[in-house]
Amino acid sequence: MSSARTSAEKILALKAGEDVRAGDIVIVPVDGAMATDTTAPLAIKAFESMGGSRVWDPAKMSLILDHATPAPNERISTLHTMMREFAAAHGTHFYDVGDGICHQLMMDNGHVAPGSLFVGADSHTPTLGAIQSFAIGVGSTDLAAVMLTGKIWLKVPRTLRIELSGDLRPGTFAKDVILYLVGRLGIAGATYEAVEFGGTTVAGMSLASRMVLANMVAEMGAKTALVDSAGLELPAALAGQSFPDVAPDQGAEYRAVHHVDVSDLGPQVAAPHLPDNVRDVRELLGIKVHMGFIGSCTNARLEDLHAAAAILRGQRLAPGVRLIITASSRRIFNEALADGTIQALSEAGATFITSGCGPCVGTHQGVPGDGETVVSTTNRNFRGRMGNPNAAIYLGSPAFVAAAAVAGEIVDPAEFLAGAPVGSKVADGAAT
Amino acid sequence: MSDAISAISGSSHLLGDDVDTDRIIAGKYTKTLDLGHLAEHLLEDYDPTLVGRIKSGDLLVAGENFGCGSSREQAPLAIKAAGVTCVLARSFARIFYRNAINIGLSVMEVPEHDIADGDEVSVNALAGSVTNETTGASYRATRLPAVMAEILAAGGLVPYLKNGGDYTVRE
Numbered sequence: 001m002s003s004a005r006t007s008a009e010k011i012l013a014l015k016a017g018e019d020v021r022a023g024d025i026v027i028v029p030v031d032g033a034m035a036t037d038t039t040a041p042l043a044i045k046a047f048e049s050m051g052g053s054r055v056w057d058p059a060k061m062s063l064i065l066d067h068a069t070p071a072p073n074e075r076i077s078t079l080h081t082m083m084r085e086f087a088a089a090h091g092t093h094f095y096d097v098g099d100g101i102c103h104q105l106m107m108d109n110g111h112v113a114p115g116s117l118f119v120g121a122d123s124h125t126p127t128l129g130a131i132q133s134f135a136i137g138v139g140s141t142d143l144a145a146v147m148l149t150g151k152i153w154l155k156v157p158r159t160l161r162i163e164l165s166g167d168l169r170p171g172t173f174a175k176d177v178i179l180y181l182v183g184r185l186g187i188a189g190a191t192y193e194a195v196e197f198g199g200t201t202v203a204g205m206s207l208a209s210r211m212v213l214a215n216m217v218a219e220m221g222a223k224t225a226l227v228d229s230a231g232l233e234l235p236a237a238l239a240g241q242s243f244p245d246v247a248p249d250q251g252a253e254y255r256a257v258h259h260v261d262v263s264d265l266g267p268q269v270a271a272p273h274l275p276d277n278v279r280d281v282r283e284l285l286g287i288k289v290h291m292g293f294i295g296s297c298t299n300a301r302l303e304d305l306h307a308a309a310a311i312l313r314g315q316r317l318a319p320g321v322r323l324i325i326t327a328s329s330r331r332i333f334n335e336a337l338a339d340g341t342i343q344a345l346s347e348a349g350a351t352f353i354t355s356g357c358g359p360c361v362g363t364h365q366g367v368p369g370d371g372e373t374v375v376s377t378t379n380r381n382f383r384g385r386m387g388n389p390n391a392a393i394y395l396g397s398p399a400f401v402a403a404a405a406v407a408g409e410i411v412d413p414a415e416f417l418a419g420a421p422v423g424s425k426v427a428d429g430a431a432t
Numbered sequence: 433m434s435d436a437i438s439a440i441s442g443s444s445h446l447l448g449d450d451v452d453t454d455r456i457i458a459g460k461y462t463k464t465l466d467l468g469h470l471a472e473h474l475l476e477d478y479d480p481t482l483v484g485r486i487k488s489g490d491l492l493v494a495g496e497n498f499g500c501g502s503s504r505e506q507a508p509l510a511i512k513a514a515g516v517t518c519v520l521a522r523s524f525a526r527i528f529y530r531n532a533i534n535i536g537l538s539v540m541e542v543p544e545h546d547i548a549d550g551d552e553v554s555v556n557a558l559a560g561s562v563t564n565e566t567t568g569a570s571y572r573a574t575r576l577p578a579v580m581a582e583i584l585a586a587g588g589l590v591p592y593l594k595n596g597g598d599y600t601v602r603e
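For the protein sequence lines, the chains are A and B, in the order given. Each residue of the first sequence is one higher than the last, beginning at 1 in our numbering. Each residue of the second sequence is one higher than the last, beginning at 433 in our numbering.
Treat the hints as calculated values from the structure; they're not laboratory data. Each hint should be verified, as a subset may be incorrect.
To be verified - Here are the simulated SDA-like pairs of lysine to any residue, each with C-alpha atoms no more than 25 Å apart in a straight line: (1) K460(B) to K151(A); (2) K594(B) to A13(A); (3) K487(B) to V579(B); (4) K594(B) to D108(A); (5) K460(B) to A203(A); (6) K155(A) to E85(A); (7) K460(B) to N73(A); (8) K151(A) to A585(B); (9) K45(A) to M82(A); (10) K45(A) to H469(B); (11) K45(A) to A59(A); (12) K151(A) to I353(A); (13) K487(B) to S554(B); (14) K45(A) to A581(B); (15) K151(A) to A89(A); (16) K155(A) to T574(B); (17) K460(B) to G17(A); (18) K288(A) to K151(A); (19) K155(A) to G189(A); (20) K151(A) to T563(B); (21) K45(A) to S554(B); (22) K45(A) to H545(B); (23) K155(A) to G560(B); (24) K594(B) to N73(A); (25) K155(A) to A513(B); (26) K151(A) to I486(B); (27) K288(A) to I353(A); (28) K151(A) to G189(A); (29) K288(A) to D228(A); (30) K288(A) to P272(A); (31) K594(B) to S49(A); (32) K151(A) to P272(A); (33) K594(B) to L467(B); (34) K460(B) to K155(A); (35) K151(A) to T354(A); (36) K594(B) to I27(A).
What the hints assert, rightly or not - Distance ranges between label pairs, derived from CB positions: (37) R169(A) to G484(B): 30 to 36 Å; (38) L482(B) to R84(A): 36 to 42 Å; (39) S165(A) to D549(B): 23 to 29 Å; (40) S3(A) to L467(B): 45 to 51 Å.
Glycine included, each C-beta is placed from N, C-alpha and C at the ideal position.
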């Protein structure tokens, strides 16, 4: 039998202390864990029902308020109080209203490292695989068991490898790549599997863009994402540390390997009501838009706000369109404030809300009305996702959303970036 | 071992493919510890009339990829709180499947079956057997990994780990 291993097999072998292969069941120690205001209250209740009196290692545990912040009502505010009190009593890390989205905070504050095993009570936890950690999403009771025992049972996943080559065209971003892949592989295309990303395109990507790729493996049903480390800029919080080599071996066994040349890829859009209902933007031109949202754990980092500002600076939102923006953390908001990005977006008519999950999960801060169409940089467009089952959600890149907000309808963002004058009928597609 | 898990019989409600956790229980309802409130809104954005037709002891019978989307445990909790005793599906999304077992809700992956809406079905989740009492047909479920079977047999992960318990693997 070959000794070559995937990244997933290497990390879980390190944790298990023995060689493991896809299909093995392991019980392994966890290096970091977190829960949010959607999942932590149930986890705390389960932890206490298990007889838990102390968190296994409070320095490895974080609680984050991000899903409904600031609290829209007294019921949720009381759940936030419960989390604050639990964090204080147990000495865990705690991030309060407005600090940011859980995955961004875990990445930026050194809670996750390459080669580590991270368990988050949020389905987009694979975002942290951008630095080649084995990061998985679980529910509240699994998280409670981690808080109690410091361990989790896992089936070592098979791996699907994606090799990306070629340079992205102007107006096309990591978001378009992952939407294309979700569309091609399907919403259950990687169920129970790890997804490795590598190739020359990935080697040239920023950490922010790698997080976009890793984030949306959840929309293929994957357990985790592992992005090759070539060209990786680690977060500053990890500077100067060394990490185990968990690069996949030549000859590792994959369920499948897909090679994709991104050079000719245009902007991609997931149409209602499934994230794998992906089309080229040119198939959707002219659809009238009522609301835009730039935010979420998928696309609310500095480069995303810059991409939006490149289109919105000096422009105004189309009449009848509202644009809601949230930076993925307070730190990123402050960086965008310092470099003038926030001012440019605000002058264009955008509304800024608390760094957090906001409209993506449909609790508050921007629920669409009946019959309205939303363009959004988020990861899910399930019916009712943003709080109203009678609204239609189109998912795309920040440039796609910004361009639609200026035009009042779905347009090709590449044409805006190419300097097409606003008000010219770019939606007619004449320039292509 | 709980009989409520090993031997279940009830009327089936048929659901389609790719029923996501947002449609099982919308995000706006998830921030609560009140399980009765969750049950009232079960599958509201899928079929608002469904919850009124579910009787205690009934089964949900879904297509492919049931429970895709978020990690919200409120999804299986809402199903359980509505009185559903077992979810059969041709396939499940990963986190939902784990969450259901962890809260002691029987889930059975049954790739091949011809159960129709309203059929009376009896199941043994731990044995992996399914019988359609209406037609007499029987079907096989995919075998649970040993650790999951033990958690389900205990009634969920809380009772499994209660009072100093720990994970064990006997393959």
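message: Name the hints, by number, that the structure is in violation of.
response: Violated hints: 1, 2, 3, 4, 5, 6, 12, 17, 18, 20, 21, 22, 24, 25, 26, 28, 29, 32, 34, 35, 37, 39; rest satisfied.
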